[in-house]
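**Student:** Line order of the protein sequences matches chains A and B. With the working numbering as the guide, the letters of the first sequence map in order to residues 418 to 855. With the working numbering as the guide, the letters of the second sequence map in order to residues 2 to 334.
Listed next, the in silico DSSO-like pairs over lysine-lysine satisfying Cα-Cα at most 30 Å (straight line):
{"#": "1", "chain 1": "B", "residue 1": "K70", "chain 2": "B", "residue 2": "K81"}
{"#": "2", "chain 1": "A", "residue 1": "K445", "chain 2": "B", "residue 2": "K37"}
{"#": "3", "chain 1": "B", "residue 1": "K314", "chain 2": "A", "residue 2": "K445"}
{"#": "4", "chain 1": "A", "residue 1": "K792", "chain 2": "A", "residue 2": "K467"}
{"#": "5", "chain 1": "A", "residue 1": "K452", "chain 2": "A", "residue 2": "K467"}
{"#": "6", "chain 1": "B", "residue 1": "K16", "chain 2": "B", "residue 2": "K182"}
{"#": "7", "chain 1": "A", "residue 1": "K424", "chain 2": "A", "residue 2": "K445"}
{"#": "8", "chain 1": "B", "residue 1": "K140", "chain 2": "B", "residue 2": "K81"}
{"#": "9", "chain 1": "A", "residue 1": "K456", "chain 2": "B", "residue 2": "K37"}
{"#": "10", "chain 1": "A", "residue 1": "K520", "chain 2": "A", "residue 2": "K506"}
{"#": "11", "chain 1": "B", "residue 1": "K140", "chain 2": "B", "residue 2": "K70"}
{"#": "12", "chain 1": "A", "residue 1": "K456", "chain 2": "A", "residue 2": "K467"}
{"#": "13", "chain 1": "B", "residue 1": "K81", "chain 2": "B", "residue 2": "K66"}
{"#": "14", "chain 1": "A", "residue 1": "K467", "chain 2": "B", "residue 2": "K37"}
{"#": "15", "chain 1": "A", "residue 1": "K452", "chain 2": "A", "residue 2": "K424"}
{"#": "16", "chain 1": "B", "residue 1": "K37", "chain 2": "A", "residue 2": "K452"}
{"#": "17", "chain 1": "A", "residue 1": "K430", "chain 2": "B", "residue 2": "K310"}
{"#": "18", "chain 1": "B", "residue 1": "K66", "chain 2": "B", "residue 2": "K37"}
{"#": "19", "chain 1": "B", "residue 1": "K310", "chain 2": "A", "residue 2": "K445"}
{"#": "20", "chain 1": "A", "residue 1": "K430", "chain 2": "A", "residue 2": "K456"}
{"#": "21", "chain 1": "B", "residue 1": "K70", "chain 2": "B", "residue 2": "K37"}
{"#": "22", "chain 1": "A", "residue 1": "K452", "chain 2": "A", "residue 2": "K430"}
{"#": "23", "chain 1": "B", "residue 1": "K314", "chain 2": "A", "residue 2": "K430"}
{"#": "24", "chain 1": "A", "residue 1": "K456", "chain 2": "A", "residue 2": "K445"}
Source of the hints: derived by calculation from the structure; they are not laboratory data.
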Amino acid sequence: MAVDERKLSDARKLSDARKSGFGLGLLKGMAVTLKHLFKHNTVIQYPDEKQDLPPRTRGVIALKEENCTVCMLCARECPDWCIYIDSHKETLPPKRAGGRPRKRNVLDRFAIDYSLCMYCGICVEVCPYDALFWSREFEYSEYDIRQLTHEKERLADWMTTVLPPPELEQGADLPGQPAAAAASATVEATGARPANLTSSAVEARPEQAATAPREGSFTTEPARPASSLPPQEQKRETSPEDAQPAPGLDTEVKAAQGLPGATTQPEPEVTLGAGRAAESVTQPADTAQVGSDATSAPEGQPPQKTPSVAAEPAVTAAEPVSQAGLRNLGGQAPVARPSTEPAGVAEDPEAAYRRVLQEQASRGSSPQVAEARAKVARVKAERGMARTATPAPATAPVQSAPQATPTEPEPSGAPEAQGPAPEPGPVAPTADEDRTDG
Amino acid sequence: MPEIALTAWQILLVKVLVILTIVPVGALAGGYAEHKVMAHLQHRLGPMYPGGFHGWATTLADGLKFLYKEDIVPDAADRKVFSLAPAAIFVPVLMIYLVIPIDRNLIVEDLDVGIFYLLAVGSISTIGVLMAGWSSANKYALIGALRSAAQLIAYELPIVLSAAVVAMYAGSLSVIDIVEKQNFPFAIWPPGIGLIAFLVFTTGAVAEMTRVPFDMPVAESEIITGPFTEYTGMRYIFSHMFAEMGHMVAFAGIGVTLFLGGYKPIIPWSPLEVVPGVIWFGLKFALMIFLFLWIRPTFPRVREDQLQKFAWKFLIPVSLVLVLAMGAWVLYV
Ligand code: SF4
Ligand code: SF4
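Let's have the full structure, built from the sequences with the hints guiding it.
**Tutor:** As structure tokens, then:
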């Protein structure tokens with residue numbers, strides 16, 4: 418019906434136009450273009466000016482590695498099959514004497530080939546463990562197509578650019594009070610993790626390394642990317658005998674104290690890790706300066722890269738078998754424990770907004786990111802939720818070269834992915850040749 | 002001021018040199034204006050980087066780029082004709098400028114047969130285009146050249162007839178006389194006839210320049226660049242870019258001279274006489290150029306048969322009627 422009417426009115430307009438006189442259509446056309454001459458031009462001069470992209474822009478996919486359980490859902494659902502996941506299984510010794518040994522997936526390689534990806538977002542949607550996020554960054558073009566395969570280190574680096582989740586809509590249900598308290602406690606705790614970790618890493622590690630090495634003697638490779646421990650596993654690993662002073666804290670906190678070393682990267686990323694670690698240590702622990710909003714979550718990365726030599730043994734230390742190590746830890750950790758003071762250090766919302774805005778500006782965040790974080794702070798202040806300071810933007814350059822993937826990966830169904838170290842073949846030009854050809 | 006005695010030859014040399022510099026510079030400026038005006042008409046910005054300020058050096062950079070390009074002559078081409086064609090296209094464009102009066106005394110030669118010369122010289126380029134198309138040994142070039150020739154014949158007539166209308170009104174073929182005879186509501190007086198003649202002239206001029214919407218000869222979506230398909234480097238810009246731009250500038254000058262009162266102030270009011278004629282000419286000239294540029298992004302290209310039909314079945318009859326009407330006006334009014 419509506420279509421018919423539109424057709425009719427179009428026909429009428431056409432016949433009107435034909436009747437309206439010779440050449441009038443031409444004049445109308447000229448008037449249209451002339452109008453545009455005087456309209457304000459909305460072109461954005463891209464490299465100089467940047468568009469304020471919407472917060473949900475599909476720029477690049479970031480991987481929160483410690484959340485990934487290697488469930489393979491994303492790789493299977495990806496219509497382009499451009500997610501490569503390699504993992505291996507580890508057998509962990511039983512928790513108690515006489516128990517059953519447990520198995521666990523460890524992520525060896527997680528790569529997304531952005532030369533194939535069509536940005537459909539299915540992987541982000543499908544991930545059941547919130548390990549994949551959209552980031553607004555879109556400037557990662559390369560001279561060599563092989564460089565467009567981002568390995569997990571690079572994907573993890575993108576996490577620093579993921580925006581915090583949007584504010585709740587006006588009138589939306591607030592999170593339940595106990596849950597909110599727990600959540601904020603978690604946030605604080607995770608926020609304080611760096612301080613916690615580094616102090617315990619510095620103090621507790623040496624003895625740890627001395628007392629606990631290889632005690633569990635399970636089949637782990639020496640330089641395993643242990644940060645890929647899924648949270649669930651971490652939770653299970655931390656035995657209930659652990660004295661946990663703050664009952665409200667949940668897994669991540671336990672992970673932080675119980676398994677500090679479990680979050681160590683095999684690659685000695687000295688500049689990146691050390692830089693961030695230093696930054697984190699300087700922050701006062703009680704205000705939990707270093708963490709982030711619960712989901713923007715780069716909090717995993719910096720501490721994990723702290724140079725604790727005893728990284729690997731610490732995993733074993735976390736096993737209940739080594740009681741001495743555990744007690745040791747238990748004695749150490751609470752010292753640096755974040756004050757889990759109840760939420761509600763009330764601050765004027767506007768003041769919070771401005772303060773965070775300034776804070777972000779001084780850290781060199783982009784205006785959009787700064788504003789988004791400031792808004793989050795304002796909402797939190799309005800609702801009386803304690804706010805953790807927001808993370809600094811990633812200052813370290815993102816490595817572009819695919820990293821050499823560690824260890825013999827289990828064939829996990831992914832096709833032979835691009836060789837980690839690109840050798841210029843006879844066909845593919847090197848980046849240099851590309852440029853000169855230009 | 003010491004008298005500088007120059008022989009006629011020396012004066013001529015200076016004039017020729019001036020024209021030789023004005024035309025390429027004008028073509029470059031026209032090219033830049035075209036980029037920018039068209040961009041803004043289409044809600045874009047156009048070039049913004051070359052030269053720093055709003056991309057003022059774009060066409061300069063383009064020209065330099067063409068200078069460095071290899072000059073390629075196809076194997077099957079008729080080498081001599083192929084290399085001569087750009088000159089045959091470009092030199093007549095230069096010659097048009099000889100009789101355009103920028104001010105009362107600023108004209109290279111005030112020929113008695115000014116208009117006749119203008120129209121005659123303006124059509125020579127087409128021979129160059131035919132040479133280029135035929136010698137390229139390329140079917141696209143040949144099609145383009147034939148289209149170009151057919152178009153020229155079709156649209157030269159309306160131009161000639163509308164110019165004849167003006168000449169009848171002024172009673173002279175000299176451009177200076179024509180400008181002097183024109184009265185205030187330029188382009189409208191004698192009522193109706195002048196305006197229609199102006200429109201006919203503009204339409205014909207756009208077609209002569211083979212610009213959109215009459216650019217079938219170089220319709221890039223079907224015949225690449227028409228007659229200039231095989232040209233590269235300097236030959237290409239001289240035969241296509243400079244020729245088109247030079248033609249546009251020349252036709253703008255002719256239009257101002259014949260219909261818009263040339264170097265005269267826009268209103269016959271004595272204080273305005275103080276402003277030099279060059280400035281009036283420049284203003285009207287800019288208006289004319291803008292009109293050409295304005296047409297281009299507005300209209301789609303017409304089909305070859307529509308193009309011919311429009312000329313033979315509409316423009317030429319209209320201009321014939323105009324000539325009749327003007328004759329009556331001159332005789333009885
Ligand atoms: S967004 Fe890319 S990687 Fe993710 S599922 Fe779609 S195509 Fe695959
Ligand atoms: S990223 Fe998510 S969906 Fe993909 S393997 Fe990891 S947990 Fe599974």
